[in-house]
Every structure is written in structure tokens, then in C-alpha cells.
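Going left to right, the sequence shown walks through residues 1 to 280 as full-length UniProt numbering numbers them.
Derived from the structure by calculation, the hints contain no laboratory data.
Among the hints, a few may not be true.
To be verified - Derived lysine-lysine pairs resembling PhoX-like cross-links, with alpha carbons at most 25 Å apart:
{"id": "1", "residue 1": "LYS61", "residue 2": "LYS37"}
{"id": "2", "residue 1": "LYS163", "residue 2": "LYS127"}
{"id": "3", "residue 1": "LYS126", "residue 2": "LYS279"}
{"id": "4", "residue 1": "LYS279", "residue 2": "LYS61"}
{"id": "5", "residue 1": "LYS37", "residue 2": "LYS279"}
{"id": "6", "residue 1": "LYS163", "residue 2": "LYS37"}
{"id": "7", "residue 1": "LYS280", "residue 2": "LYS126"}
{"id": "8", "residue 1": "LYS251", "residue 2": "LYS280"}
{"id": "9", "residue 1": "LYS61", "residue 2": "LYS251"}
{"id": "10", "residue 1": "LYS119", "residue 2": "LYS279"}
{"id": "11", "residue 1": "LYS251", "residue 2": "LYS279"}
To be verified - Label pairs and their calculated CB-CB ranges:
{"id": "12", "residue 1": "MET120", "residue 2": "ALA226", "range": "15 to 25 Å"}
{"id": "13", "residue 1": "GLU247", "residue 2": "ASN173", "range": "21 to 31 Å"}
{"id": "14", "residue 1": "ALA227", "residue 2": "LEU71", "range": "33 to 43 Å"}
By construction, the Cβ of each residue, glycine as well, lies at the ideal position given by its N, Cα and C atoms.
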Amino acid sequence: MAAETVSLNPEIPGERKDEAEEDEVEQLTLIGSYGEKVRLVEDPMEEIMLVWGIQQPTFSKQNAFVAQSSLTLNLDACGHSLSILQSPSSLGTPGVTGSVMWDSGIVLGKFLEHAVDTKMLTLQGKKAVELGSGCGLVGCIAALLGAQCILTDLPDRLRLLRKNVESNLDHVNLRGSATVFELVWGDDPDPTLVEPFPDYVIGSDVIYSEEAVTDLITTLVDLCGAATTVFLAGELRNDAVLECFLEAVMKEFVVGRVEQTQWHPDYHSPRVALYVLTKK
1 MAAETVSLNP EIPGERKDEA EEDEVEQLTL IGSYGEKVRL VEDPMEEIML VWGIQQPTFS
61 KQNAFVAQSS LTLNLDACGH SLSILQSPSS LGTPGVTGSV MWDSGIVLGK FLEHAVDTKM
121 LTLQGKKAVE LGSGCGLVGC IAALLGAQCI LTDLPDRLRL LRKNVESNLD HVNLRGSATV
181 FELVWGDDPD PTLVEPFPDY VIGSDVIYSE EAVTDLITTL VDLCGAATTV FLAGELRNDA
241 VLECFLEAVM KEFVVGRVEQ TQWHPDYHSP RVALYVLTKK
């Protein structure tokens, strides 16, 4: 008869459950001005494994909410029908991704709308700066929600951006405001952007290459005061790029991932991650 092994330190199921619940509570925290608890990112590699393991972005449809071959993208937001002009012919130019919409922009814009509707976020009268505005959808939604929004991008992207802001916001009863401004990441920001510091910095699809990470973080540090809350939504294309960004940005910022259960219920995507940050 085989000998029965007896543990000298038997685990008590109740204790294991309590410890697991304590770990869960420790990982969830409030960050910045966002009213929901988010999952604290403590280890970049662990975060990458978790996101790719749970969401499995490579197995889901790309561009579920957008049609990049179309000249316009139509979306209802904040009680308005927005018509966003795109430039599909520019998409083939190296380094140019802002000429068309990406799912991360739709997700972020509708997240902001949902967060305001559910009282988790207040944009009315708040100063917001959007990075890499591209076609301008997210900034337009922020302005419709009451933000004094400054939409920024590189000099050669501003023509399309201005056109979309004017065509969608000039003839509506706007709760906030929208202005277009040039901003090159890594350069000193114009005083308009940082005096006073914005309440919010927002951006979608801005984490797209390791080469751009340093300048992006330099700009985030320059733009953000102690009370600034940052929301970044990104396409899950390349785990190495996201890990590079997280490793660098976590030296300066506290980072949390917003769970998809907190997004707009009609705009979820396993190919998108949404993060909230504040300066340490």
C-alpha cells in the first residue's frame, strides 16, 4: 500500500481566496480624474503577456469600426452625426497613419462619451490637448462634451484636421471649443499648450513605433502637470512596441489599464488597449 503524503502546512481554501481577493484589490486603483478603478500596470512584460493572452488581438478582425478605403467615416456621437474626411491615398506614405481613422480612435472617442454620460469623467470647461489628432474625431467629441480642446499634429497633417473640425463643429451648438495647433513631439511645446497645464491629454494610435517612443514621452512629460490625467488608446499591433513604451513611460507616470467593461458597450475591440496615466 502506497504511503499517504501529509502536508505539514496545509492550505486553507478560505485563506487562499482571501489572499487572491487582496491581490485583486491591490491591483485596482483610482488614477487621476477618472472615477472608476483601473488595473494598475506594475510590470511591462507581465502586462504584455496578460493583454495578448486575454484579448488575443491577432485572432480578431482589424478595423471593425472603420473603412480606411472610404473618403468619409460617419459616426453618431453626443447627439450629433459626425462626418470625418479621410485621405486613403496618403496611407501608403511611410510614417503617415493619421490620414485615416483607426479603431482605437473610435474606441477612445466613444469611451469619453460613455464616461461623461455615466458621471465617471467631467470634461465641461476642462482644458484638453489631443496628441496626434489625425482626422480629428476624438478632439471633436471632446469639444462636444464640453472640453476646451486643442487638437495637435505635425504641420503637414493640419489641413485635413482643420477641415474636419470646421465641417463638423462650426454649425453646431458647441458646449466646449476646438482649436488646431501644430506640435512636433520632442520639441518644446508652445506656451498655449501648457499655460495652464491641461486637465487632460488624450491620444489614439500614438504608440506605433519604438523610434517615436522617446519623443512621445518627452512631450507627455512637458504637457502634464501634477493634476493632468492622460488617456491613451492604442492598436495592439506589436507587443515589442507597447512593452518599450510601458518600460519608458512608467519611469515618469503611474499607468493603469481601463478594462473593456468600462468602455462604451457598443464599442469594444480585442485589438485595442486603453490606458490612463498621471505623473508620479
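Results of checking the hints against the structure:
1. For the suggested pair LYS61 and LYS37, the alpha carbons sit about 29 Å apart, so the restraint of at most 25 Å is broken.
2. Of the supplied pair hints, the one linking LYS163 and LYS127 holds, its CA atoms being roughly 22 Å apart against a limit of 25 Å.
3. Among the hinted pairs, LYS126 with LYS279 is consistent with the structure: their alpha-carbon atoms are about 18 Å apart, no more than 25 Å.
4. For the suggested pair LYS279 and LYS61, the alpha carbons sit about 34 Å apart, so the restraint of at most 25 Å is broken.
5. Annotation: proposed proximity of LYS37 to LYS279 holds, straight-line Cα distance about 17 Å (limit 25 Å).
6. For the proposed pair LYS163 and LYS37, the alpha carbon gap of about 37 Å is over 25 Å, so the pair is violated.
7. Note on LYS280 and LYS126: the hinted pairing holds, with a Cα-Cα distance of about 21 Å set against a maximum of 25 Å.
8. With a CA separation close to 8 Å, the supplied pair LYS251 and LYS280 stays within the 25 Å bound.
9. Among the hinted pairs, LYS61 with LYS251 is inconsistent with the structure: their alpha-carbon atoms are about 33 Å apart, more than 25 Å.
10. Annotation: proposed proximity of LYS119 to LYS279 holds, straight-line Cα distance about 23 Å (limit 25 Å).
11. Between the alpha carbons of LYS251 and LYS279 the distance comes to roughly 9 Å, so the proposed pair stays at or under 25 Å and holds.
12. At about 21 Å, the CB distance of MET120 to ALA226 agrees with the hint of 15 to 25 Å.
13. The supplied range of 21 to 31 Å is broken by GLU247 and ASN173, whose beta-carbon atoms lie about 45 Å from each other.
14. A hinted range of 33 to 43 Å for the beta carbons of ALA227 and LEU71 is consistent with their spacing of about 40 Å.
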